[in-house]
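Undergrad: Residues per chain, in single letters:
There are 2 protein chains.
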Amino acid sequence: MNDAETASPTLGGEVGLVEYHDFVSSEPFTFEDGRVLPGFTLRYETYGKLNAAGDNAVLITHALSGDHHCAGVYSLNDKKAGWWNNIIGPGKPIDTSRYFVICSNCLGGCQGSTGPASINPETGKAYGLDFPVVSIRDMVRAQARLLDHLGVTTLHSAVGGSMGGMQVLQWALEYPDRVRSILPMATTARQSAQAIAFNEVGRSAIVQDPGWNGGDYSPGNGPNVGLAVARMMAHITYLSDEGLERKFGRVRKSARTGNHLDVEFEVESYLRYQGRSFVNRFDANTYLYFTKALDRFDLYGRVASAGNEGVEHPAETSSATDACTHLASAFERLKARCLVVGFTSDWLFPPEQNRAIVHAMLRAGKDASYAEVNMDFGHDSFLVEAPELYALVEGFLNS
Amino acid sequence: MNDAETASPTLGGEVGLVEYHDFVSSEPFTFEDGRVLPGFTLRYETYGKLNAAGDNAVLITHALSGDHHCAGVYSLNDKKAGWWNNIIGPGKPIDTSRYFVICSNCLGGCQGSTGPASINPETGKAYGLDFPVVSIRDMVRAQARLLDHLGVTTLHSAVGGSMGGMQVLQWALEYPDRVRSILPMATTARQSAQAIAFNEVGRSAIVQDPGWNGGDYSPGNGPNVGLAVARMMAHITYLSDEGLERKFGRVRKSARTGNHLDVEFEVESYLRYQGRSFVNRFDANTYLYFTKALDRFDLYGRVASAGNEGVEHPAETSSATDACTHLASAFERLKARCLVVGFTSDWLFPPEQNRAIVHAMLRAGKDASYAEVNMDFGHDSFLVEAPELYALVEGFLNS
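Protein sequence lines, in the order shown, are assigned to chains E and R. Take the first sequence: its letter number 277 is residue 335 in the working numbering, and every next letter is one higher. Take the second sequence: its letter number 312 is residue 370 in the working numbering, and every next letter is one higher.
Take the hints with a grain of salt, since some may be wrong.
A pair counts as met if it fits within one copy or between any two copies, since identical chains are not told apart.
To be verified - Using 25 Å as the maximum straight-line C-alpha spacing, the simulated SDA-like pairs for lysine to any residue come out as follows:
{"no.": "1", "residue 1": "183", "residue 2": "316"}
{"no.": "2", "residue 1": "424", "residue 2": "443"}
{"no.": "3", "residue 1": "305", "residue 2": "395"}
{"no.": "4", "residue 1": "305", "residue 2": "92"}
{"no.": "5", "residue 1": "311", "residue 2": "89"}
Hints in this document: simulated from the structure, not taken from any laboratory.
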């Protein structure tokens, strides 16, 4: 629990003007599903300077709808800075005057990295559903190649929330000797039935939109209605009951348009805006692929090892204690120090699921701790300005 | 909190074979929105016998997707009994050997009562969006005419969950001298921002489905995809995280069909089935109308009086204490004894919202009490066989 009054985050400067880069890997890449691409592109940004030893890097991993642009602005007219600008910068909790900060758009993404919307060189058309199935582990293994390219020997830390938290956990398991610490937040070691259920509703909305056409659509002409509906629904799961009540309550829009069943409350108008604007920046197939990657993520049931020989445990039918034993055994290979942060009002990846990660790590004898931040922004709390979170991140990274 | 072991519900018999009836009111009916229909039909069922005084009736009010068929079967081959058959019958908690039980499909509905799918005598076509806006109060006032027709002078009790709970509350406010007791459960005195948000996503899915066509579609050819998506999403809000985890967890379907993004987990398959089957029994326009009736229900902000002179309070901007004062003032006209039942895992109309009703009634000096039942079925808990709920209902009705 936090007390905002007692937090004393370092007041920091701005990263300022940034630009993105494209890393092109020309080595074949074998996905977890066995399929091979001849290579791939990852769009990424870096802030700060890598030291001579190549070991002061902090990897930022993004959530479902995030991207590589996590700090700074592209021009002085840019009204919106990167998505985690509040925490990244010189003197900020993720201090770019100390650390070389890296963030890439995930493999399978739609913000410049290779994904279902990319052109398949064999056909000259977008991959669509021919794109290989993407897992959290595939995302991490692609990032490792980017780090090779950048000369990063060891990560000082990997930090991310939500799907980013899953990547961070996977990093520590996949490359135990290459990550000194991890800071997953608002995440889970396996997707719950409820979270799968919400994702499935979103996918249903998309694939039943005639615009989806089996995944074969031209840019801008995809399942815009289905994707907007999926986003509207998902957006509710990113917030909280209390937060929505505080922000919107039952306040009505002053001017109404349309028929008597149309938008009436502010909260409706807000959600519709979220849906509409998402369609302009996100590809529906990537949404399908990434939600599947989330749903299949399960460190309880599967110990993904560096050698690709995943082991299936029958975790589905086991008791809670057995499940924890499985998770603890998954963490045996872990070497990184770990701080997991949960948020009180997060009901998508609730505090219990975050605590369970640390519990299993502790059972496996690892250096792990859990902190909980009391905020009413729901799952999205990790993205919000929060002195208590800043203090935790700063304390952990610099210890 | 309950202890299932200590509950001792009466073991009861079955209502058995039942049939529905249609009550046709030929008097003009003025909706809250000012529109007038020349009359309306309510489809209803009754079980048990009305006594000579006409005061042993128990009105059952249904939820969003419910109907008039709450007990018994239509034929001996009928595999599925009415939706609340577990609690209604001779010797059951709502005892048909003592009480004359009535349940009608709400005005605006699509299970035999007049609603948007009914034929507008002026045009010879279905009303569609020309149907007047329906409020919870309209539903209640239509039910009152049915009770007149049946010779019911006074309701021994009105009992209902969710939207049924709203009707029950409205009954006690609209006809304070005609209701001796009310038993609302899993309900709220006003729809929260989060609940409005979920409804709006469902409505967006429906109205953006090309099959909706501005509400003008032929039976069976409406917005089937949008309605199914709306139902899938809503269904998640009727259950609970724990319940879904217990029932489905991450169990996968044994046989998979379709592409690699298609149904994989049992919970997905279950939800899709819920969506598909709903489309076959429910009208999309009624779904739009009823969700709007839910969203507009607000006893905090509006004291609906028998004389139609609703008073608007600026409850939207007031503090929690002010809000409670408004609600207490709304309950001043109440005469019925009241028991509100909340369910621990209900996150759509959570325990706090149910408790708040009783709190305000107590402030208004009314005979009101609250009980909470510990079940993991979420909002739908009130529909599930539950000895502790049975004991509460039986105790309250017979006291």
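Undergrad: Which hint numbers does the structure go against, in order from smallest to largest?
TA: Of the numbered hints, 2, 3, 4 do not hold.
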